[in-house]
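Residue numbers (our numbering), protein chains in the order written: chain U, 19 to 601; chain E, 19 to 601.
Calculated from the structure, these hints are not laboratory results.
Please note that the accuracy of each hint is not assured.
Copies of one chain are not kept apart here, so a pair can be met inside one copy or by any two copies together.
As the list claims (entries may be wrong) - Simulated pairs of lysine to aspartate or glutamate, EDC-like, Cα-Cα distance not exceeding 16 Å:
hint : residue 1 : residue 2
1    : 320       : 440
2    : 320       : 550
3    : 40        : 580
4    : 321       : 550
5    : 554       : 566
This one's a predicted model, so the numbers in the text were calculated from it and none came from an experiment.
Number of protein chains: 2
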Amino acid sequence: MTLPKPRRASLERHFPILQWSKTYDRAALTSDAVAAVIVTIMLIPQSLAYALLAGLPAEMGLYASILPLIAYAIFGTSRALAVGPVAVISLMTAAAVGNMALQGTAEYAAAAITLAFISGLILTVMGLFRLGFLANFLSHPVIAGFITASGVIIATSQLKHILGIDAHGHSLAELITSILENITSTNIITLIIGLSTLAFLFWVRKGLKPLLLGTGMAPRLAEILAKAGPVGAVAVTTLSVWAFGLDTHGVRIVGDIPMGLPPLSLPSFSADIWSNLFVSAILISIIGFVESVSVAQTLAAKKRQRILPDQELVGLGTSNIASALSGGFPVTGGFSRSVVNFDAGAETPAAGAFTAIGIGLAALLLTPMLFFLPKATLAATIIVAVLSLVDFSILPKTWNYSKVDFSAVAATIFLTLGFGVEIGVSAGVLLSIGLFLYKTSRPHVAEVGLVPNTQHFRNILRHDVETDPSLVTLRIDESLYFANARYLEDYLYDRVVCDEPIQHVVLMCSAVNEIDMSALESLEEINKRLQEMGIKLHLSEVKGPVMDRLVRSHFITELTGDIFLAQYDAMVALTGANAQKSP
Amino acid sequence: MTLPKPRRASLERHFPILQWSKTYDRAALTSDAVAAVIVTIMLIPQSLAYALLAGLPAEMGLYASILPLIAYAIFGTSRALAVGPVAVISLMTAAAVGNMALQGTAEYAAAAITLAFISGLILTVMGLFRLGFLANFLSHPVIAGFITASGVIIATSQLKHILGIDAHGHSLAELITSILENITSTNIITLIIGLSTLAFLFWVRKGLKPLLLGTGMAPRLAEILAKAGPVGAVAVTTLSVWAFGLDTHGVRIVGDIPMGLPPLSLPSFSADIWSNLFVSAILISIIGFVESVSVAQTLAAKKRQRILPDQELVGLGTSNIASALSGGFPVTGGFSRSVVNFDAGAETPAAGAFTAIGIGLAALLLTPMLFFLPKATLAATIIVAVLSLVDFSILPKTWNYSKVDFSAVAATIFLTLGFGVEIGVSAGVLLSIGLFLYKTSRPHVAEVGLVPNTQHFRNILRHDVETDPSLVTLRIDESLYFANARYLEDYLYDRVVCDEPIQHVVLMCSAVNEIDMSALESLEEINKRLQEMGIKLHLSEVKGPVMDRLVRSHFITELTGDIFLAQYDAMVALTGANAQKSP
Numbered sequence: 019m020t021l022p023k024p025r026r027a028s029l030e031r032h033f034p035i036l037q038w039s040k041t042y043d044r045a046a047l048t049s050d051a052v053a054a055v056i057v058t059i060m061l062i063p064q065s066l067a068y069a070l071l072a073g074l075p076a077e078m079g080l081y082a083s084i085l086p087l088i089a090y091a092i093f094g095t096s097r098a099l100a101v102g103p104v105a106v107i108s109l110m111t112a113a114a115v116g117n118m119a120l121q122g123t124a125e126y127a128a129a130a131i132t133l134a135f136i137s138g139l140i141l142t143v144m145g146l147f148r149l150g151f152l153a154n155f156l157s158h159p160v161i162a163g164f165i166t167a168s169g170v171i172i173a174t175s176q177l178k179h180i181l182g183i184d185a186h187g188h189s190l191a192e193l194i195t196s197i198l199e200n201i202t203s204t205n206i207i208t209l210i211i212g213l214s215t216l217a218f219l220f221w222v223r224k225g226l227k228p229l230l231l232g233t234g235m236a237p238r239l240a241e242i243l244a245k246a247g248p249v250g251a252v253a254v255t256t257l258s259v260w261a262f263g264l265d266t267h268g269v270r271i272v273g274d275i276p277m278g279l280p281p282l283s284l285p286s287f288s289a290d291i292w293s294n295l296f297v298s299a300i301l302i303s304i305i306g307f308v309e310s311v312s313v314a315q316t317l318a319a320k321k322r323q324r325i326l327p328d329q330e331l332v333g334l335g336t337s338n339i340a341s342a343l344s345g346g347f348p349v350t351g352g353f354s355r356s357v358v359n360f361d362a363g364a365e366t367p368a369a370g371a372f373t374a375i376g377i378g379l380a381a382l383l384l385t386p387m388l389f390f391l392p393k394a395t396l397a398a399t400i401i402v403a404v405l406s407l408v409d410f411s412i413l414p415k416t417w418n419y420s421k422v423d424f425s426a427v428a429a430t431i432f433l434t435l436g437f438g439v440e441i442g443v444s445a446g447v448l449l450s451i452g453l454f455l456y457k458t459s460r461p462h463v464a465e466v467g468l469v470p471n472t473q474h475f476r477n478i479l480r481h482d483v484e485t486d487p488s489l490v491t492l493r494i495d496e497s498l499y500f501a502n503a504r505y506l507e508d509y510l511y512d513r514v515v516c517d518e519p520i521q522h523v524v525l526m527c528s529a530v531n532e533i534d535m536s537a538l539e540s541l542e543e544i545n546k547r548l549q550e551m552g553i554k555l556h557l558s559e560v561k562g563p564v565m566d567r568l569v570r571s572h573f574i575t576e577l578t579g580d581i582f583l584a585q586y587d588a589m590v591a592l593t594g595a596n597a598q599k600s601p
Numbered sequence: 019m020t021l022p023k024p025r026r027a028s029l030e031r032h033f034p035i036l037q038w039s040k041t042y043d044r045a046a047l048t049s050d051a052v053a054a055v056i057v058t059i060m061l062i063p064q065s066l067a068y069a070l071l072a073g074l075p076a077e078m079g080l081y082a083s084i085l086p087l088i089a090y091a092i093f094g095t096s097r098a099l100a101v102g103p104v105a106v107i108s109l110m111t112a113a114a115v116g117n118m119a120l121q122g123t124a125e126y127a128a129a130a131i132t133l134a135f136i137s138g139l140i141l142t143v144m145g146l147f148r149l150g151f152l153a154n155f156l157s158h159p160v161i162a163g164f165i166t167a168s169g170v171i172i173a174t175s176q177l178k179h180i181l182g183i184d185a186h187g188h189s190l191a192e193l194i195t196s197i198l199e200n201i202t203s204t205n206i207i208t209l210i211i212g213l214s215t216l217a218f219l220f221w222v223r224k225g226l227k228p229l230l231l232g233t234g235m236a237p238r239l240a241e242i243l244a245k246a247g248p249v250g251a252v253a254v255t256t257l258s259v260w261a262f263g264l265d266t267h268g269v270r271i272v273g274d275i276p277m278g279l280p281p282l283s284l285p286s287f288s289a290d291i292w293s294n295l296f297v298s299a300i301l302i303s304i305i306g307f308v309e310s311v312s313v314a315q316t317l318a319a320k321k322r323q324r325i326l327p328d329q330e331l332v333g334l335g336t337s338n339i340a341s342a343l344s345g346g347f348p349v350t351g352g353f354s355r356s357v358v359n360f361d362a363g364a365e366t367p368a369a370g371a372f373t374a375i376g377i378g379l380a381a382l383l384l385t386p387m388l389f390f391l392p393k394a395t396l397a398a399t400i401i402v403a404v405l406s407l408v409d410f411s412i413l414p415k416t417w418n419y420s421k422v423d424f425s426a427v428a429a430t431i432f433l434t435l436g437f438g439v440e441i442g443v444s445a446g447v448l449l450s451i452g453l454f455l456y457k458t459s460r461p462h463v464a465e466v467g468l469v470p471n472t473q474h475f476r477n478i479l480r481h482d483v484e485t486d487p488s489l490v491t492l493r494i495d496e497s498l499y500f501a502n503a504r505y506l507e508d509y510l511y512d513r514v515v516c517d518e519p520i521q522h523v524v525l526m527c528s529a530v531n532e533i534d535m536s537a538l539e540s541l542e543e544i545n546k547r548l549q550e551m552g553i554k555l556h557l558s559e560v561k562g563p564v565m566d567r568l569v570r571s572h573f574i575t576e577l578t579g580d581i582f583l584a585q586y587d588a589m590v591a592l593t594g595a596n597a598q599k600s601p
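Construct the entire structure; sequences and hints are all you get.
Now the structure itself:
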């Protein structure tokens, strides 16, 4: 088939698979297949565990790890991203759906499927309208704080499975209270399974690889075996329960998992359910996208590849829609499994498609063997995975660098722990934006003078500079817009009222990136009032884009003074005596 | 009584009356009393009319013009502001309360009283916490658009009284549809009264003062007589209705107004009512404050006086609480009546207290005479007053200056007309903030070079400048923060990937007023990746406050290049050959 060039390029932009599949060869196939085997081994226990975390039947974890991976292989632009259920999104799913239905009911599962569908639609539409930039409004420290706090909540929520008791709650306090209330009914055998799995997995993480390397094993193989730790734990604990009939002693097991490929499912289209889930779906979409795109960018940079954020939205969006249509729940690109995929040598998104086949085979063949899998084992897998996300060092780091960033992070962590993920992350976003607006509404204004023997002007309070009593030069360190227009007026009047011999005020606009209509009106007002006081107003170093706009306004004709290209020109022109011919 | 100095100053800050009353003398008393008489004459028909506009019994307009004026005289800082019911706030009151109860019911009046109380609390708390700056987030064009659209809606809503029919609706379309549906039941006598009053008031506005001046009358007296137009219309139309028994021919009249001073009233404390009214109360508080403070500032500037915005919040807040406690509804400083007060010579807030006495006397003595006052007369008063607020010129003005401002104004006008005041103004605020954030998230970045024979650097695309192929200098025209941190990364990689001989990248930070934690992490990332490409990263013209913070981070030690005080120093140091000893 031969398409005209531009049409073909556009097709490739929307279907990245058309691009990489052109040069796909046997070498790439081998690399991708090896990576897929490793990721499959890692993903089986993870997908079961995250379904459990989301409060859903275990098989939904498998379903969410088949079709979504195929959709991402077609529409995604990252070569190494591994899509599927992840911890934070599963927790957010539980929080969103838990408001609407009881865990274990058909309504609960249906709501999770609908949530994936809405979230998929939101992501896809954002991608088609190129709204990827919206994700930039989550500041890095807020994300770091949110992930850390979510990790703490997730780990705490899994303690009930380790203890073999019932407990529930969205906030840390609720969870701990609920666990303490029921701790007397702890099942000792479950606790032993849980703690020993935990200890084993921690040891695998830290100690197994060095040990294997010590035996002279190839580093790559050692790496793979270390990653297979959870699968080992699953096998051993499942066999133990089966062999000793521990389920009859109160050890809770996964139980019957339907055998076979995912069924076709349809989301609910009830307006009521949609309006209840919509805000949660937005939060899940944005958090999922931010988490996924930052992993994808990190991995792409290592191989000098590029990802396209707007196309990534489409990739994740179609993945979530695929998840909803095949009985799954919200998915995104996971950090640890993508790194494993990358390290294992995945070269194209085909690795994801191969992983989907692997999980599909597991769903077809392995599910009967998982009947006796203790929930405590899955809980231990989750705890070990999320504790690696917990990193409170963002608190001292931001405290040291910027109190504003610190307060946003601290509030995000506090509110997430105290009131759950949805309130926590919403507050973090609003607070980041609010604090930014607050800062820009009270801009830094510096009175500047000439640095001797240069043409450079700096703050008179920080540097030894030359000034002239008849001339006040104010450098405004912010764009002028509605939120700070009045502040500038007040500042300026306060400054000129006290000193008497002032004849000229120069506003040095090197840091003014915009003057909006409100600020223009303020400048007109300032110009008029200074004129009444016999003071001329000048501007200097006005940037091109700002000047383009000013010339279309009356302000330029009404301005009592001049507009100078450089502040040095202004000083020479306005205080002739002080002119220096050479620095 | 002698208080220690600091305590007395603090008392005077919270009770401005203590300050101006110290020097109050007979001359000020005379001026204030004259101004009060004129404002009282103007305020009687206005307060009745705005009660009608808010859907409330006429006497509540009088009640809202007594105690609130006394409260403002004690706590307010403007010497000329005249507080009372105003058009836009009355319309917003009708919109807020209309969602909760039917006009004419006791619940409706009680909700309006409660709305005044909540709004008063919000304003007072904002004042005590010095949150006056929040009002800055309403951009001038958005306010102008909102007031214009509100004026159109108010004028349209009053047509029903001119026609003598029933009609209702919050949006322009609803109002017009409702009027057209009922237009066949127009009462001809009412229409004649309404149209002739309208014609008379428009003529008074434009024609009466020149006419009186033509007869050789003193300008001040002519001005006062022109302002008394509405009172004349009230007297003539009331007498006509009484004399000819027009009320028995279907002319709707104000009817029984209880005689006497306002009763003590208490707001409702039902949680349900509060939660229903809270958002409306916030909007009314902010719009009322912005309108009032801009009038107060304009008038204060004319006499070189200062107002304190945070204390103004307390003044307006206590006025609204006073209104709620005396059977009134939300009030604020009105534009036209404050200008009249100022022009009539008011020297202190005592003029407001005297006006309160005037309105109190009217409530005690005049109410029986207002029984036959036709509602059409009041409607004509409102229409003439609000049409002076309607000014669509903000649309071409912003279109010409900035499409971003234009779109915010156009949306505010469109949404206010189409969906009512609350949606209109909320959308205007959110859109202003959203567009500002969008702009800052995609900053202007200019590649700059040296303007020959200077030490000044400008955009290579706009100016004839000197550059060096091994050196790329990028001037970033925005503070670096979370919303644009990734944009800068992308921009920079795209720029350095194409050109080969680049050895140095200088980020010229003259317009960077802040680098937050997210942006710092991006800079660290950029530094690392450029290092891998063999390119050194430098900064120049970093501002004091930004530098203070950078030195507390790891970035400074990891930076591959240097930090230069001036961009010229950077060019000399990095491209030695190009150095010029003198400009």
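16 Å Cα cut-off: does residue 321 pair with residue 550 within a copy, between copies, both or neither?
Answer is between; shortest inter-copy Cα gap is 12 Å, intra-copy 64 Å.
When no copy is named, should residue 320 and residue 440 be tagged within, between, both, or neither for a Cα gap of at most 16 Å?
Neither: 33 Å inside a chain and 51 Å across chains, both beyond 16 Å.
Status of residue 580 relative to residue 40 across identical chains (alpha carbons, at most 16 Å):
neither (61 Å within a copy, 45 Å between copies)
Measure nothing new, just compare the shortest in-copy and cross-copy C-alpha distances for residue 554 and residue 566 to 16 Å and report within, between, both or neither.
Answer is neither; intra-copy 22 Å and inter-copy 34 Å both fail.
With identical chains, the pair residue 320 and residue 550 could be close in the same copy or across copies; at 16 Å between alpha carbons, which is it: within, between, both, or neither?
between (62 Å within a copy, 11 Å between copies)
The structure is inconsistent with the numbered hints 1, 3, 5, although it conforms to all the rest.
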